[in-house]
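Undergrad: Listed below, chain by chain, are the residues.
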Amino acid sequence: MSLEERELEVLIGPQHPASGHMRLVAKIDGDVVVELRPNIGYVHRSVEKLAEVKKYLQIIPLVERPSLADTTANNLTYVMAVEKLLGIEPPPRAQYLRTLLAEINRIHSHFYGMGIHGVMIGSSTAYMWCFGDREPLIELAQELTGARLTYSYIVPGGVRRDLPQGFEDKVEKVMRYLENRMPDYFDLYFNNPVTRARLEGVGVLSREDAIRLGVAGPNLRASGVPYDVRKVEPYAAYPELDFEVVTEEAGDAFARVMVRVREIQESIKIIRQVLKKIPDGPILNEKYMKMIPPNLRKQVEETGRIKFPGVFANLRVPAGEAIARVEGGRGEVIFHIVSDGKMSPYRMRMVTPSFRNVILFEHLTRGVRVADIPAIYGSLDYFPPEADR
Amino acid sequence: MKFEELKGLIEEKVRDLGAEVSGKEPNVIEVKVPREKVVEAAMRLRDMGFDHVKAVTAVDYPNERFEVVYVSSSYSNLDLAYFLVNLRTDLPYDDPRMPSLLEVWPSVLYQEHEEHDLMGIVFEGHPRMGERLLLPENYEGIPPLRKEFKVKTEGINA
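Chains U and Y, in that order, give the protein sequences. Residues in the first sequence are numbered consecutively from 0, following numbering that gives the first Met the number 0. Residues in the second sequence are numbered consecutively from 0, following numbering that gives the first Met the number 0.
Excised from the complex, chain Y in its bound form (with noise of 0.2 Å):
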């Protein structure tokens, strides 16, 4: 399949859901979408044959937004496997909730799980959220993936 072929197909599947779709060459897609469809969404790519997620990525723009981006692919059918598809969703800084894409895709339960524990997301209907995965069972404070948690150094730059 062609990388614009393919980019128009997924442009027509979720042009009702205010997506905005676009591309690198040769083999990425971007979909963009508001945090109320990115289930919707995601169940659309699925059944396109975006069968599984490889890996959930939380970034932290101080202040303004939290990005979540899915990098999702597929190993059905290898003429898919070649593109990345990233959905992408931004979340208020203030708020930063979304509905967990579990149900859709389970590829995503330890990885949900982590940008919850690390960065503080919160997934809304995942079954692990408050437990805490790499940090410590006691652990309190800010999320350390977050910019406002400066890491130490001993005043050695190596």
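Next comes chain U alone, as it looks inside the complex (with noise of 0.2 Å):
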């Protein structure tokens, strides 16, 4: 038979295949894929479109929704592109609270990541123990922006909320948790001879081929490519902060996975950091503090908590053009911003690191078996509704 009779097409897909609603064509031949092509935007939300009639503020939990599990990469990114334009720069306090919870949410966003993967591959538990651990860490960014997932937590200026009390103890207490905990993944997951023969040199990426394809964020490093927002343009508070870029030389789907493992350490480390050297004073610019009447002024300082001064309802941001960019946990997230002066965007461009990263479904899994599909899949980190945005 030729190898047109004796392929088939297989649907893998729309209904959540995994992560979210997709659709992977797969034509295979026997159980070798011979191509595969992933067709997404079953949970596109127009987020482009929809910015371009929302006021400014509204447009923060409208560009969180798409990546539920790394809200505040785009929140940042979006708040940073739109400070551009203003010319308004967050007071320190704010930068360290904004690098705070950044951080919180890189390690669960890492958790959930691997969690999927996990369970794609037949780790159930691997799934558990990840989606138990991110718990903590959800619990300590409730308590730090009122909110478990969708924290709206960073505004033009500054951030809405001040450090709870005692809030270092409960951090300082997760932290050695998470420290005490990580040994028990590597016995029972990443050393079992099962997983790594589920990834190891499953999926290789080439470094040539990451830097060509313009892949984003740990599948990036992954693929030992040292880039990093966070060192190449540092923003927040990460000028003062003492970290390693995470890199790993294989390119398979393990190394990636244990660039996120190593990731989380880091996190730790620039967590701890950060609540050591967090300047007291302000959370919030001086002019928009000043807009606030005096009696909510007081207020504001009493409890730590924002009141928005009136000028938030109708922000009108200058004419012209601004890019941010920001490493979120799933990787590169761009804003391009294009401001005609009025109180919503004259056209808003939206790259998150998923969509940068489908690309990587038809190359990766030219010629792999169609168990390594999952397994790929996995590694990538990928949510389709970030993708589709």
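Just so you know, the hints here were simulated from the structure itself, not pulled from any lab data. Don't take each hint at face value.
Looking from chain U toward chain Y, a few residues come up when the C-beta cut is under 10 Å (computed) [as the list claims (entries may be wrong)]:
#, residue
1, 40
2, 45
3, 52
4, 87
5, 209
6, 210
7, 211
8, 219
9, 230
10, 232
11, 334
12, 335
13, 354
14, 358
15, 388
Every residue, glycine too, gets a C-beta built ideally from N, C-alpha and C.
Bring the two chains, given one by one in their own frames, into a single complex with the hints.
TA: Dropping the structure here:
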């Protein structure tokens, strides 16, 4: 039989094959993938179009929704782009609080990705553990921001809330728990011969291809490219903090998981430094602080919770263009905003790491076994709603 | 590398293409070229080390023009990674086509496809023109990201 006759088309999805609704169209010969095309768009929210009719502050929750496990990255990038246009800088304390939330979020986003990957290759325990260990971090974020996932914590000129009382101790407790907990993951999951056999040497992405295809985040660093926005174009409090850019050389599914594990350890280091170094002071830019009526300002100072100045309701952003980038948990987030000086952006382009990485589904699956598709899919920490936006 | 130094270097490389080079401190360099020269300009930028595209943004200025912006930067040269080079080109409103940069930058595969799908720009030479990406396969009508496509609201301005 010729290849055309032997070839079979297999549809994986779109009813939630793993981490959200998407369809993979695989052409297979026996159990070898000849070609695989991702079919995305099932969970498209049209964020870019909606942004053109929403006001600047309303867009904050809008941009968070697509990346549910990694909302801080989108929140921060969007606000940084708006701040560039406004010419507003947050005060130092707010910069540290932004960094704190971003790192808490990075850890629980990595646990989310690792857990989903675990269950995709048949390790239910890894899934249960990751989702269980994600919980203390979500609780921390909740105490800081008031929400479990959709924080909307970062606003133009600062953040919404100051540190709660006794927060440092709670954070330290969680960090110590994580440090003691990580070896268990190696005993049960990472050093498990079954896991190794499923992931090592599978879905190898070479350094050249990672660069050429514009891959983002841990998937890029697992192929030996030491690119991390926190180092390349430092923002928030990162210039003052000491941490390493984690890279691996192998470029396979296992290396991608290992980058995330080691980044969790780096994040723990960063969080401790943030709490040690965080300066005193206001958490909202002086200009906006002065716009809060005096009686409310007193309340803000006592409770550490910002009341929005009236100007936020109809925030006008000067005409111009701004591009901001941030290293989120899943990778680099880009916001490109074109403003014409009105109350909504003229055009807002939002590029998420999952959208940048969708190209890997085609690239990494050529010639692999069908059983390796989930092992590769999971290792990319790909999240369909984030790619569809 | 310094901002002015890089800007000068890029200016030198693309001057003969009729490019306008400008910049926004501290790290954004704008390169505007006519659409006939966009592939050549992209190739020269790539050969300088700008090896991938982070975003492709198409902007609609009704009845005037479309502007397509390629935000490129470098992964292989970390000195350049700090800089973003925006390669821009204008397209006439009644003929929004331009050559695809896929051959130069494979990283634009999905981004050009999306701008084709939602903004109706035609990237000549891109293998997926005419296919839908995010929209339903049977969608017909105005590309939704164009200004003439109005978002229907239910009378509640929330």
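Undergrad: Take the shortest C-beta to C-beta distance between residue 334/U and chain Y; is it under 10 Å?
TA: Holds, about 9 Å.
Undergrad: Do the numbers back the hint for residue 219/U, that is, is its least Cβ distance to chain Y under 10 Å?
TA: Given a least distance of 7 Å, the restraint on residue 219/U holds.
Undergrad: Is the interface hint satisfied for residue 209/U? The criterion is a beta-carbon contact with chain Y at less than 10 Å.
TA: Holds, because the Cβ-Cβ distance from residue 209/U to chain Y comes to roughly 7 Å (cut-off 10 Å).
Undergrad: With a cut-off of 10 Å, does the beta carbon of residue 87/U approach a beta carbon of chain Y closely enough for the hint to hold?
TA: Violated, about 17 Å.
Undergrad: Grab the minimum C-beta distance from residue 388/U to chain Y and call the hint holds if it beats 10 Å, violated otherwise.
TA: holds (8 Å)
Undergrad: Is the interface hint for residue 52/U satisfied, with its Cβ closer than 10 Å to some Cβ of chain Y?
TA: Hint on residue 52/U: holds, closest Cβ of chain Y at ~5 Å, below 10 Å.
Undergrad: The hint names residue 40/U as touching chain Y; please verify it with the least Cβ-Cβ distance against 10 Å.
TA: The hint holds - residue 40/U has a Cβ within 10 Å of chain Y, the shortest such distance being about 4 Å.
Undergrad: Does residue 354/U pass the interface check with chain Y, least Cβ-Cβ distance below 10 Å?
TA: Holds - the Cβ of residue 354/U comes within 10 Å of chain Y, reaching about 7 Å at its closest.
Undergrad: Answer holds if the nearest beta-carbon of chain Y is closer than 10 Å to that of residue 210/U; otherwise answer violated.
TA: Status holds, d = 4 Å.
Undergrad: With a cut-off of 10 Å on the beta carbons, see whether residue 335/U makes it to chain Y.
TA: holds (5 Å)
Undergrad: Can we keep the residue 232/U interface hint, with Cβ of chain Y closer than 10 Å?
TA: Holds - the Cβ of residue 232/U comes within 10 Å of chain Y, reaching about 6 Å at its closest.
Undergrad: Does residue 230/U pass the interface hint, meaning its C-beta sits closer than 10 Å to a C-beta of chain Y?
TA: holds (8 Å)
Against the hints set out earlier in the document, a violation occurs for number 4 only.
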